[in-house]
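A.B. asks: Line order of the protein sequences matches chains X and H.
Per the numbering used here, the very first residue in the first sequence carries number 378; after that it's consecutive.
Per the numbering used here, the very first residue in the second sequence carries number 1320; after that it's consecutive.
It is worth saying that the hints were derived from the structure and are not from the lab.
On a predicted model such as this, the values are computed, not experimentally measured, just so you know.
Be aware that a few hints might be false.
Taking CB as the label site, the calculated pair distances span [to be verified]:
# : chain 1 : residue 1 : chain 2 : residue 2 : range
1 : H       : Phe1564   : X       : Thr597    : 18 to 26 Å
2 : X       : Gly562    : H       : Ile1421   : 51 to 59 Å
3 : X       : Lys546    : H       : Glu1526   : 33 to 41 Å
4 : H       : Asn1589   : X       : Arg460    : 23 to 31 Å
5 : H       : His1508   : X       : Ser640    : 29 to 37 Å
One-sided and incomplete, this derived list gives chain H residues near chain X with beta-carbon spacing under 10 Å [claimed, not checked]:
#  : residue
6  : Pro1376
7  : Gly1435
8  : Ile1440
9  : Val1441
10 : Leu1451
11 : Trp1573
Rough simulated footprint, nothing fancy, chain X against chain H, three-plus residues with beta-carbon under 8 Å [as the list claims (entries may be wrong)]:
#  : region
12 : 1422-1434
13 : 1579-1589
All C-beta atoms, glycine included, are put in the ideal place defined by N, C-alpha and C.
Below are the chains, spelled out letter by letter.
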Amino acid sequence: MFLQQLVNGLTIGGIYAMIAVGYTMIYGVIQLINFAHGEIYMLGAFFAFTFISFLGLPFYAAFLLSMACCAVCGMLLDIFAYRPLRQSPRLAALITAIGMSIFLQNLAMVIWGSRPKPFPQGALPAYFEETAVTFSGVSLSWFHLFIFAITLMMMIGLNLIIQKTRWGKAMRAVAQNKTMAALTGINVNRVISYTFALAGSLGGAAGIMVGAYYNSLYPTMGYIAGVKAFAAAVLGGIGSVPGAMLGGVVLGVAEALGAGYLSSLYRDGISYAVMIIVIILIPAGLFGKLIKETKKSM
Amino acid sequence: MGKLNLPKLSRGNKVRTGVLVLALMLPFLPFVTDYILHIVIIVYLYMLLALGLNIVPGFNGLLDLGYVGFYGIGAYTSGLLTVHFGLSYWLIIPLAFINGAIWGILLGAPTLRLTGDYFAIVTFGFSELVVLFLTNEIWLTRGPLGLPGIEPVSLDLSLFGGPKWEFVGELPYYYLAIVMVAVTVFVMHRIQDSRLGRAWFAIRDDEVAAVSCGISLLTYKVIAFAISAAFGAVGGSFFARWVTFLSPDMFKFWESFLILCMIVLGGMGNIWGVMIGAWYWFL
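I would like the entire structure built from these sequences, with the hints used as guidance.
C.D. replies: This is how it looks when you write it as structure tokens:
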């Protein structure tokens, strides 16, 4: 029982971590809580659904293609919604983010309908259902392993991008000081768009995996996942990428154990409670440094 | 803030009186149906809520994303007290006010040390927790089934030898809403020009300068948050007795966002602007 819950928690926690990283990267770069990020995650699941059901693509191809589509969506979101507001008060951008979240939700309802849809199970590789490992009564399917592997790969890949590439260096520079970064010849707007693309592709991948794992897609799925991932980002210290990864996993495990042992009704409440307690006790989170507000938030 | 420009003030007062007369006459205009009245009552309700919320972002410069939590608390306070104890609405208004203020202090005291986004997130989490509580504590709130059968408002004058007057239809509620909005506007104006309001504006404009003038940041912010919460709860109490049915779905995060939009549209910190912003709902 305990181990099974732990495995479930780790699985879902890895997925939260992938979404949380997106929040934290965007917050790090432009100090904006991108409420629409959860909707990118939802779009990822629906893109994969469309590619598999209507274009008949195999699962892996659909996976990569919808990640690319989500990256494009993230960039479009930045270019159309946030770029014109770069110099305006923070509140304006925040309200825009919430507005975009509502807009994308409704757009998805218009395109795909508001009823929950099953994920096209036939497209999943057959061995996903088979048990891969069994230890002390806990069985792990290949699908669990697939999620673990993808999560791990993406986290490592992301760290490499941020730490080793020129692009990652530019991102870190923009996060520290936009004016200074621009003076050294970095195209700040383009770096921000790329950040949105990277965050979007990770969020989209998370959406596909959740859609396939729980076998249900619906246009409002992004809201609750977004909130929880955001809680994870806060837990890890917003603005810190390793913090978001750890925060996601911790939150996933806490939620699975809490739902298993305390009350499954308050499953969602656990993330909110964790979020509030963390903010009150250690606002900087596990890894972050407290961001002093340079601009006034209003 | 001191408006000493007398001729201008009196013109403003003329406009205000005109608007008030128009509002009082509205139900008797020929084209006004019950439906329109219903919508206008909602607008007045949102006016009340927006005026309450305005204190926190508008007067204090703090972003509050969880206002609807207090609205929900007020609505359920009113609904439950009516269903279980049959209290009169005139008794419930102060109780809802006090309950809202208590929750405002409970949430505000530990969290108002935070600034900007962090505070916004905490309030957001709080309102979501309120919705979860209302949904899950079925023994108290009947959860997602909702709380039906809340008695409508009635005015019992039997103590003074008068009749008991039940509020039927939209008309009495329309005037009740006008009275509540008018009282709120009056209170807001008095607060705005008082020591308290000036301290808030000082905090909004420059915290460091405010502290060096001897303003205790936390105390004043908690007072602001509590008053804002209390007005939210009063709005909720009216809502409960007016629609006579409550369900946790009515207090989702989007409501907070809507009210915030009204404030931003009308101009933050400006009482009349906020009231005009409430008509945004009408569109």
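A.B. asks: For every hint, state whether the structure bears it out.
C.D. replies: How the hints compare with the structure:
no.: 1; hint: H:Phe1564 x X:Thr597: 18 to 26 Å; verdict: 23 Å, holds
no.: 2; hint: X:Gly562 x H:Ile1421: 51 to 59 Å; verdict: 56 Å, holds
no.: 3; hint: X:Lys546 x H:Glu1526: 33 to 41 Å; verdict: 35 Å, holds
no.: 4; hint: H:Asn1589 x X:Arg460: 23 to 31 Å; verdict: 29 Å, holds
no.: 5; hint: H:His1508 x X:Ser640: 29 to 37 Å; verdict: 46 Å, violated
no.: 6; hint: Pro1376; verdict: 7 Å, holds
no.: 7; hint: Gly1435; verdict: 4 Å, holds
no.: 8; hint: Ile1440; verdict: 6 Å, holds
no.: 9; hint: Val1441; verdict: 5 Å, holds
no.: 10; hint: Leu1451; verdict: 5 Å, holds
no.: 11; hint: Trp1573; verdict: 7 Å, holds
no.: 12; hint: 1422-1434; verdict: holds (count 4)
no.: 13; hint: 1579-1589; verdict: holds (count 4)
Checked against the numbered hints above, the structure breaks only hint 5 and satisfies the rest.
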